[in-house]
Every structure is written in structure tokens, then in C-alpha cells.
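J.: Chain by chain, the residues run as shown.
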Amino acid sequence: MWTDVLLILDATLRISVPFVLAAMGGIFAERSGVIDFGLEGKMLGGAFVAATVAHLTQSAWWGLLGSIGIGIIFSMIHGYASVSKRGNQVVSCVAINIFAMGLTVVLANAWFHMGGKTPQLPKEARFMSIELPFAEEFRNIPIIGEIYYELISGHNALVYIAFIAVPITAWVVFKSSFGLRLRATGENPLAVDTTGISVNKTRYQALILNGILGGMSGAYLSTAHLAFFVKDMSAGKGYIALAAMIVGKWRPYPAMFACLLFSFLFAIKDKPEIFDLLKGIIPVKLLNSFLDMSPYILTIIFLAGFVGKAVAPKAIGQPFSKEK
Amino acid sequence: MNERRTETLVVTLVTVTNLLIAFFISGVVIWALGEDPWFALKTLLYGAFGYDEGLGYTLYYTTNFIFTGLAFAIGFHCGLFNIGAEGQAYIGGLGVGLICLWLEDWSLWLVFPLAVLTSIILGGIWGAIPGYFKAKRGSHEVVTTIMFNFIASVIMVNILSHVLRPPKEMSPESREFAEGVWIPQMHEIFDWFGINITQTPLNGTFFFALICLVLVWRFIWYTRWGYEIRTVGTNDTAAVYAGISVSRNIILAMVVCGGLAGFVGINEIMGSSHRIMLNFQAGIGFTGIAVSLIGRNHPLGILLAALLFGILYQGGAELSFEVQAIDRHLVVLIQGLVILFAGALENLFRPQIEYFVKQLAPQ
Chain L
4 MWTDVLLILD ATLRISVPFV LAAMGGIFAE RSGVIDFGLE GKMLGGAFVA
54 ATVAHLTQSA WWGLLGSIGI GIIFSMIHGY ASVSKRGNQV VSCVAINIFA
104 MGLTVVLANA WFHMGGKTPQ LPKEARFMSI ELPFAEEFRN IPIIGEIYYE
154 LISGHNALVY IAFIAVPITA WVVFKSSFGL RLRATGENPL AVDTTGISVN
204 KTRYQALILN GILGGMSGAY LSTAHLAFFV KDMSAGKGYI ALAAMIVGKW
254 RPYPAMFACL LFSFLFAIKD KPEIFDLLKG IIPVKLLNSF LDMSPYILTI
304 IFLAGFVGKA VAPKAIGQPF SKEK
Chain F
13 MNERRTETLV VTLVTVTNLL IAFFISGVVI WALGEDPWFA LKTLLYGAFG
63 YDEGLGYTLY YTTNFIFTGL AFAIGFHCGL FNIGAEGQAY IGGLGVGLIC
113 LWLEDWSLWL VFPLAVLTSI ILGGIWGAIP GYFKAKRGSH EVVTTIMFNF
163 IASVIMVNIL SHVLRPPKEM SPESREFAEG VWIPQMHEIF DWFGINITQT
213 PLNGTFFFAL ICLVLVWRFI WYTRWGYEIR TVGTNDTAAV YAGISVSRNI
263 ILAMVVCGGL AGFVGINEIM GSSHRIMLNF QAGIGFTGIA VSLIGRNHPL
313 GILLAALLFG ILYQGGAELS FEVQAIDRHL VVLIQGLVIL FAGALENLFR
363 PQIEYFVKQL APQ
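Line by line, the protein sequences give chains L and F.
Heads up: the first sequence is residues 4 to 327, going by this note's numbering.
Heads up: the second sequence is residues 13 to 375, going by this note's numbering.
Some clues are possibly wrong.
Said to hold, decoys possible - Listed below are the simulated DSBU-like cross-link pairs for lysine-lysine, each with C-alpha atoms no more than 35 Å apart in a straight line: (1) F:Lys-148 x L:Lys-325; (2) L:Lys-325 x F:Lys-370; (3) F:Lys-370 x L:Lys-272; (4) F:Lys-54 x L:Lys-274; (5) L:Lys-234 x F:Lys-54; (6) L:Lys-234 x F:Lys-180; (7) L:Lys-252 x F:Lys-148.
Keep in mind that the hints were calculated from the coordinates and are not lab data.
Could you build the full structure based on these sequences and the hints that come with them?
T.: So this is what it looks like as C-alpha cells:
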């Protein structure tokens with residue numbers, strides 16, 4: 004039982020990585036006042052580029068760099084449309100998502116002819132699990148040692164990066180002077196402008212950070228979680244990350260916990276023991292579809308604010324113009 | 013030239029320019045894949061128009077895009093960004109299919125209105141729930157409608173593979189329903205007048221789509237409901253002061269959106285496949301966004317834009333058949349570009365075009 008709990012939590016951690024990375028990216032963009040529904044597209048684009056570059060260079064790290072590149076390109080397109088040209092930010096995001104959906108499949112088919120897939124990556128070109136020091140030795144110490152061995156040790160590099168990204172995001176947003184500018188830009192851009200700080204420049208900086216994290220979340224899908232890119236592999240995860248961020252009220256730690264909660268649902272779905280347990284209560288056919296739907300339903304319920312009211316940054320979605 | 017005509021001219025030129033940019037970039041992608049963009053364009057146009065079978069398929073796709081384009085437009089007039097036409101069409105189509113399976117012995121004249129009604133109700137419910145969450149709880153409709161697309165997809169997979177799949181059949185789809193409730197296909201309709209055309213999936217739903225265009229046009233600009241929806245979309249604070257209920261109109265608009273999207277099921281299920289199939293709505297809902305934005309959310313524009321995307325779909329299928337390196341999904345990529353340039357960057361070249369028009373025709 005205890006081991007089962009640990010294994011489910013372990014799976015939860017693994018599944019949560021793209022959500023956590025994307026949600027942190029979303030926090031940067033939205034805190035600066037730019038809506039980001041485009042996480043889905045950045046995730047998908049990042050996944051494709053990471054798998055392709057990793058295949059060509061046989062190195063997951065180059066793949067990661069590639070995914071960061073495409074993430075930044077997408078967020079710069081979004082920035083150009085919504086910050087510089089003051090277009091509709093939601094439309095721009097949806098455009099990026101649909102563009103990414105088309106581009107990844109077109110390129111995958113043109114280059115690899117595998118029906119929208121990229122070639123399977125060998126172990127060397129993937130992020131493989133890292134054994135932390137003394138994991139084996141501590142293994143037999145009850146509770147603490149087990150947690151260390153099962154839960155903390157033995158993940159791949161991106162898992163650790165994702166969970167380091169959370170305190171860093173928290174520090175940058177709430178403690179650094181850049182974070183102060185960032186939050187002020189999202190709340191009251193006019194005031195920021197009168198102090199001589201460029202609103203648009205701050206938003207572009209936020210979008211660069213957003214692109215980096217968004218792209219990385221995709222790299223995790225195709226070079227760590229799986230070993231290839233497959234058509235539409237993000238499957239709404241970008242939107243779920245966004246919902247987690249809103250549920251976390253645009254704060255890094257609560258957003259991370261929301262991500263973990265969503266991932267927990269995905270994790271128990273894949274666990275046969277849990278399935279057997281629930282089978283007694285709900286008919287199998289219903290149970291299957293219910294478990295498949297649960298993350299999406301939970302997203303809707305959370306978003307509807309049944310767990311408390313979420314207050315967005317005041318200036319979100321509004322392009323800044325000095326003349327106003 | 014009076015002001016209104018100048019504005020129309022400017023808007024038309026802006027839209028055409030945006031489209032051309034989107035196509036130009038798509039051409040660059042084709043070129044980068046090592047293919048000849050001109051040859052691609054010629055193949056595409058020939059595939060869409062060159063022979064009557066191609067034209068039939070083009071108009072068949074156009075019919076779908078009219079429905080989803082209108083579905084997006086109604087929401088847009090209310091200030092909503094409904095990207096859930098995909099799921100609304102899926103669930104609405106389920107209703108259409110169930111009615112046909114259930115009442116297959118009845119006359120088409122009775123079944124058709126019932127199918128329309130069912131798809132309005134089911135598609136409408138699928139739109140109304142995100143509408144309710146938007147109106148009452150403030151959840152953004154982009155996220156909720158996307159989630160409803162995924163939920164619809166899970167439900168349909170389960171219904172088709174566990175409930176509607178006939179025993180002994182492998183593929184998750186319902187049985188074919190009786191011929192009596194099939195909507196006549198276009199070659200049959202032409203045959204009544206003694207004209208011979210090639211058989212394509214194009215069917216009588218095309219005319220129904222044209223009627224819907226007119227009805228939506230009347231609805232948006234000539235009814236009280238349409239006026240209220242537009243007021244909420246333009247300025248919801250003003251709407252409140254005018255005594256117009258914002259939440260009621262948001263939900264109403266989403267119901268109409270869902271109902272219109274559900275009509276995709278009429279064209280696909282009653283008109284063409286004659287059974288409920290997996291993913292019959294794939295991509296049609298998303299295309300509606302581009303169709304509506306290019307058509308400036310006006311029924312006439314939507315008709316033209318739906319035709320354009322019908323051409324792209326049919327021509328694109330032909331193209332991917334002819335040229336191995338180009339995939340069918342090129343159309344999805346073009347859609348993304350069209351939404352970017354005609355939606356988010358719609359005013360990119362507007363100042364230049366306005367200047368140009370003023371130079372051309374001084375008041």
C-alpha cells in the first residue's frame with residue numbers, strides 16, 4: 004500500500020512536468036498583462052523541434068535548445084501581434100495553436116514520412132533518469148529513505164529543472180526588481196510608463212521567458228516522457244496548464260500544486276490497482292470514459308471558481324497605448 | 013465615393029491583402045519543402061474546380077464551413093471566442109444520427125426537421141454549458157470550450173465503440189440507416205431535371221446552409237435578440253445600463269453557436285456517410301474560426317470564405333495526393349496563418365491601404 008502510494012506520487016511528478024513548466028511560462032506572460040492561450044502551440048512546437056533536433060544531433064540537450072528556440076519564436080510572433088500591433092491577443096494565441104498543429108504534422112510528414120511521427124530516439128538522445136547520490140544506500144531506511152529513493156531520486160533532468168523553475172519563478176516575480184516591473188506592468192501599465200520604464204519592453208522580456216518555458220514543456224513530452232513526437236501530442240495540456248495557473252491565482256507555488264493535482268488524476272488513470280478498486284463501484288465502461296474525461300472536467304470545475312475566486316492582473320489583455 | 017463605400021473598399025482590400033500574405037507564407041513553406049509553389053497552386057485549383065467531381069467535393073466542404081463559420085460569428089458578435097464548434101458539431105451530429113437510426117422508417121420530410129431540432133438541442137446544450145460558466149462564473153470560454161471538445165471526443169469514442177457499434181463489426185461506427193432518410197445527393201437532385209453530373213458527397217444540405225446564411229443575417233441585424241447580442245459584444249457595460257442582460261445573451265449566443273455547429277452532422281451524417289462515424293467533424297470546427305474572421309463575421313463574407321476553404325480542402329487533398337512531400341495538414345497551417353493575419357494582425361496594412369484609397373478617390 005505504502006509503496007503504491009509512493010509509485011502513484013512518483014507518476015504524478017513525472018506527468019506534472021509539462022504542466023508545471025508551461026504554467027510558470029504562463030505566469031510570466033499574464034503577470035505582464037499579455038494573455039497566453041498559446042501555451043498549447045508552444046508545447047506542440049517545442050515537442051516537435053526537440054524530437055527532430057535530438058534525432059539529428061543524437062543529443063537531447065540540443066533538442067531542448069531547439070524547443071526553447073521555437074518557443075521564443077512563437078512568443079515573439081504573439082508579442083508582435085498583441086504588444087506591438089495591439090491586435091486581439093486571444094485571436095493571436097489561437098492562430099499560433101492552429102499554426103503549430105498544421106506545421107508540425109506537415110514537417111514531420113515531409114521529413115520522416117511516418118504519418119506525423121518522428122523517428123524513435125535511442126537512449127542516448129533522450130533525457131534518462133538520474134540516480135541521485137546515496138539513493139541505493141538510503142533505500143532501506145523506512146519512510147525518509149523510501150521517499151528519497153522512489154520519489155526524489157531517479158527522475159530525468161527536466162523533472163528537476165521544472166521543480167527548480169518554480170522557486171526561481173516565485174523569486175523573480177515577487178522578489179526581484181524585474182518582477183516588480185513585471186507585476187506593475189500587468190496591473191497598471193500607465194503608472195509604469197510614467198516612471199520611464201517601457202511597458203512594451205517589459206512585456207517582450209516576459210514573453211521571452213514565457214517562450215523558453217513553453218518550449219521546454221514540449222521537449223519533455225517528446226524527449227523525456229516519450230521518445231518521439233507524434234501528431235497532436237500536447238492534447239490540451241497547454242490549456243490545462245493555463246487553467247492550473249488561473250486556479251493558482253497567477254502565483255507559482257499554488258499553480259504548481261494545481262498542476263500536481265491535475266497530474267494526480269492522469270496518474271491514477273494509468274494505475275491498474277486503482278482501476279480495480281473503483282471497478283467495484285462504477286461499471287467498467289463508464290469508469291473508463293469517466294477517468295478519461297476527469298482532467299478536463301476538473302479543469303472546468305476549477306476554472307469556474309468553485310475553489311475560490313481568481314482575480315486576474317488588472318491590465319490583462321489590454322494592449323498599451325500612450326495616447327489613451 | 014461616400015464614406016460607407018470607402019470603408020467597404022478599405023475593408024475588402026485589407027482582407028484580401030491579409031489573405032495574400034498568409035498564402036505567400038504558405039508558398040514559402042512549400043518552397044522550403046523543395047516543391048514548386050506555382051505547380052502546387054495550379055494542382056490545387058485544378059483539384060478544386062477543374063472537373064465536376066472536384067467542384068462537388070469543394071462545395072460539400074463549403075457546406076460544413078458555412079455552418080461552423082456562422083457558429084463562430086454569432087459568438088464573436090457577442091464578444092465571445094467560441095473555439096468549441098468542433099465538440100458542438102460532434103455532439104449535435106450524434107443527435108442527428110440517433111434520430112435517423114431511430115426513425116429510419118419515417119418519411120424524410122418528418123425526419124429532417126426532427127434531426128435539425130435535435131442537433132440544435134444537443135449542440136446547443138454543448139454550447140450552453142460553457143456559456144453558462146462564462147456568464148455566471150467568468151471562466152474564459154476559450155479554455156472551457158476546448159475542454160468540452162475533449163470531453164465530447166471521449167464520450168463519442170465510448171458511445172460508438174460500446175453502444176452503437178453493431179456486434180461483429182470491428183470499426184467504431186454505427187450501422188448504416190435506411191435509405192429513406194438519406195438527404196438526396198446533388199447528382200440525384202440534378203437527375204430530377206434530367207441533368208447528369210458525377211456522384212459526390214455534395215447533397216441537399218448545401219441549400220439548407222444557404223438558408224441558414226440568410227437566417228443568421230436576419231437574426232443578427234434585424235431581430236431584437238441579434239441587437240442585444242451585438243450590444244453585449246460591443247460594450248457590455250452599456251448593455252447593462254440599457255437593461256440588457258449580459259449573461260442571458262452570452263448563453264443565448266452560445267446556444268445558437270452550438271446549434272449551428274451541430275448542422276455539420278446533417279451534412280456529414282444524413283447527407284453523406286449515412287452512419288455515425290468517429291471524428292467526422294475533425295478540423296471543421298477550427299476551420300470555422302478562420303472562415304468567420306476572413307469573412308468579417310458577416311454571412312456574405314462567410315459564404316465567400318467558406319468557399320475559399322472548401323477550395324483549399326479539396327484542392328489540398330488533390331495536392332497531397334499528387335505531391336508526396338505535401339501533407340493534407342498544410343491546410344491547417346494555412347488556417348493558422350489566416351487567423352493570425354486576418355484576425356490578430358488585421359490592421360497591419362490598414363493605414364497604408366487607407367492612404368492609398370484616399371489618394372485614389374479624393375472626397
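J.: Output the numbers, in ascending order, of every earlier hint that fails for this structure.
T.: 3, 4
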